[in-house]
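Start from the sequences and build out the full structure, keeping to the hints where you can.
Protein sequence lines correspond, in order, to chains A and B. Residue numbers for the first sequence follow the working numbering, so the first one is 1 and each next one is one higher. Residue numbers for the second sequence follow the working numbering, so the first one is 1 and each next one is one higher.
Careful, some of the hints might be misleading.
With a straight-line cut-off of 35 Å between C-alpha atoms, the simulated DSBU-like cross-links for lysine-lysine are [unchecked claim]:
hint	chain 1	residue 1	chain 2	residue 2
1	B	478	A	154
2	B	478	B	4
3	A	13	B	4
4	B	125	A	40
5	A	13	B	449
6	B	306	A	45
7	B	4	A	291
8	A	286	B	449
9	A	155	B	391
Just a few of them, taken from the derived set where beta-carbon distance is under 8 Å, the chain B residues facing chain A [as the list claims (entries may be wrong)]:
hint	residue
10	27
11	39
12	51
13	227
14	342
15	465
From chain A, some residues computed to sit far from chain B (all C-beta separations above 12 Å) [said to hold, decoys possible]:
hint	residue
16	153
17	154
18	184
19	185
20	189
21	194
22	201
23	229
24	417
25	422
26	445
27	447
28	448
Because the hints were derived from the structure by calculation, they are not lab data. All C-beta atoms, glycine included, are put in the ideal place defined by N, C-alpha and C.
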Amino acid sequence: MEFRYLPMTSEDKQEMMKAIGIKDTDELFADIPAGVRLQKELDLKQPMNEYALTKELTAMANKNISTKEVVSFLGAGVYDHYIPSIVDHVISKPEFYTAYTPYQPEISQGELQAIFEFQTMISELTGLPVANSSMYDGGTALAEAVNLSAAQTKKKKVLVSDAVHPEYQQVIQTYAKGQEIEIIPIRLNNGKTDLTHLEEQLHDDIAGVVVQYPNFFGQIEQMDAIQKLLENQKKTMLIVSSNPLALGYLTPPGEFGADIVTGDTQVFGIPAQFGGPHCGYFATTKKLMRKVPGRLVGQTQDENGVRGYVLTLQAREQHIRRDKATSNICSNQALNALASSVAMSSIGKHGIRKMAEMNMQKARYAKKKFAENGITVVYEGSFFNEFVIQLNQDITKLNAALLEKGILGGFDLGKINPAYQGQMLVAVTEIRTKQEIDQLVKELGDMHV
Amino acid sequence: MSDKNFPLLFERSKEGRTSYSLPELEVESFDLEAELGDVYIRKEPPKLPEVSELDIIRHYTGLASRNYGVDSGFYPLGSCTMKYNPKINEDIARLEGFSHIHPYQGPGTVQGALEMLYDLQESLKEITGMHEVSLQSAAGAQGEWTALMMIRAFHEANGDHHRTKVIVPDSAHGTNPASAAVAGFEAVTVKSNEQGLVDLEDLRRVVGEDTAALMLTNPNTLGLFEKNILEMASIVHEAGGKLYYDGANLNAIMGYVRPGDMGFDAVHLNLHKTFTGPHGGGGPGSGPVGVSEELAAYLPKPLIIKDNDTFSFDDDRPESIGRVKPFYGNFGINLRAYTYIRTMGAEGLKKVSEYAVLNANYMMRRLEKAFQMPYPQHCKHEFVLSGSIQKKLGVRTLDMAKRLLDFDFHPPTIYFPLNVEEGMMIEPTETESKETLDSFIDTMIHIAKEVEENPEIVQEAPHNTIVKRMDEATAARKPVLRYEEE
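Here's what the structure looks like:
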């Protein structure tokens, strides 16, 4: 069979073998011990032509229900937002997506400058002066922040709020095990981190405190009170995981004294794609600049004084420091950081406030409608674009019924904790219309008797 | 500042200019200021650019023209496998049924996605000869760490708490020792011998009761197959350690030999290398992990399982190391790799390795007349030459790499691995034609001649690029990591 990605003709092959001095390419594999050499063909599906494969994989895609076909109120860390059309046009430029990490600055200025701009935008949103070029996702970025706090403070205990995304908590646990860091969960009080419990647990041996703002339940944590608690515990780091869209309206964590802010920029121009690839961000203080995991782009000049950009402070990284590196991260999410940069540029300085505000307004409208229709809203506190409702039936069943009506219902909180049985986390973003919200309320109201 | 400076998007910004297209509010307006109060409403808007849509497009089109990808030209970056990124993969990844599905939709609404993931798990099991595969790890380095955490869990379950050391060859990629450290191990180096292979005597010396694992790339980072692999496996296994395969170089051996058959207990793969997920300027990647039956219980959860013709998540894995990433891995990259595997099949993948190796050997034989080859035996998919002859004439490998830029080539990986003087690691990949290889070889020979006859032209390279060599020392000494308004 012919393969369109393999350009050698049989004449090429003959000439090349002659230049090497072999008669058969098998000679090049002669150093593989005979006993383990594969004696059969791999048992894989037969190769397919482009047309047939496209047809088959399109059929496979069509077995999934896409959020383009339904009205989604599902969030819980991954959101259905407006994606400017230009985003995909930019990230489809092959000079970006077929490039490697920009290790040769003379021919990588495009990527380097784009990352430098991404770093600037993240710094603006988080209120911290240093942001890296991206992490895998919000969960691993947060886990790296926990590791960094332990390494920096030389303490081995970290307090993690139970209002942090449950899967982020699980990732933190896995990472912490490698570094033998003890994770102490902090209870909730009315959907927010219990400050009394936090205060009780906050001792000299605590490396860091991790909260999510807005938290997993959509609630806006009492950041000013948390900041006050940490004032008595100066060495303990405050680590905040934030939805960066919310920071278009809310006071940035940097202003509440956060040492590290992480999160995921999926909300800016990145489709859900079943959970990845998304794009983690990592922002911190000048003090921790030389401890940041991952790549950093810095501005400099060439020998003629022309402004340009390079990967910098690489002495932190694994390819230089090996086992002494601050992290093992190598590949990151550069192309998705680019997508988010394009989206953030498109939304712009004033658009981002409008967009964040619109999420809050529409979510408040939905919340009010639920209350008017006799459905309990569980937490009364201030929230961003998600809130919890209490229903008297199994959420899986309700969601199946909603799907019949073309609605993708909210996240079933009973899946993370039996105490939350019958609770649904509803996400309302800027693209939901009044009519869609009204319909969700009506359908759930009809079922909730 | 030079007038050649390419403006930052922030410098194109003008107060009041917009590019967004937000929906209507439609609903009544709630008083957020009264609700949130001063403390929680940001005082200054974030200084994102204020630009028009055309400004953005021109900006990024300009930036793209200042960047070099595989689609621009030859990119023989050793150990990175910069092969062609098929366009059908991009089309498939953008199908709405794949790109716009939420990780928390009910399994019944994502059967196509689960089928793809399951089928990919199965394909990678077959290609690597491993017992089970998890697709959760986001990239190679995360895959390494995931596998080491599993090996750690295995030893701990056996009460082997004293296995604290992970052995790494001196030629290994920096992620290997870094991943060992993040997993809580001490990295110990094993030396290479004169043939560029792991020194068995030294391996015997460093292996012991404290050995948790040996991490190995095979072919190794010099592009050489560790032909003593079976003996190495038995040295490590007899001491109670595990053998870990870094799949960075799998492109050389598909269909010829499988890590599982060589005695490896755990492997990670770089789907963005061997399996054509694009590198994206540094990511996203995907780093699935495959393991032997003995380690399977420790895989990150959930895995995708098939029951009759229904696919679901298997969360019931009590010995699992837990979750290494939210959701189910970099699905979009896994999908591209899957599309590629389905395009190539077993026959195609074996040819991929055949041509990757043929191309590298052809380049090596033609270049050995002008450059020193520290390891003259046949290589696999890549080889490392030394610039030691040229260094004696006052020209460094860095200079030659920069000179290649003038001829529109991306330079090879340089100064890696660390055990070759003035090293230059060349990996052509199988997707390049003989004409491209010849053109690069001729240019390299031309540069070697320049080094003899006109070294300044090489020492002062590049000459044709939009910027010259950058002042990296100042960048690190006085870091400017974000734009500040003047």
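Hints violated by the structure (listed by number, smallest first): 3, 8, 9
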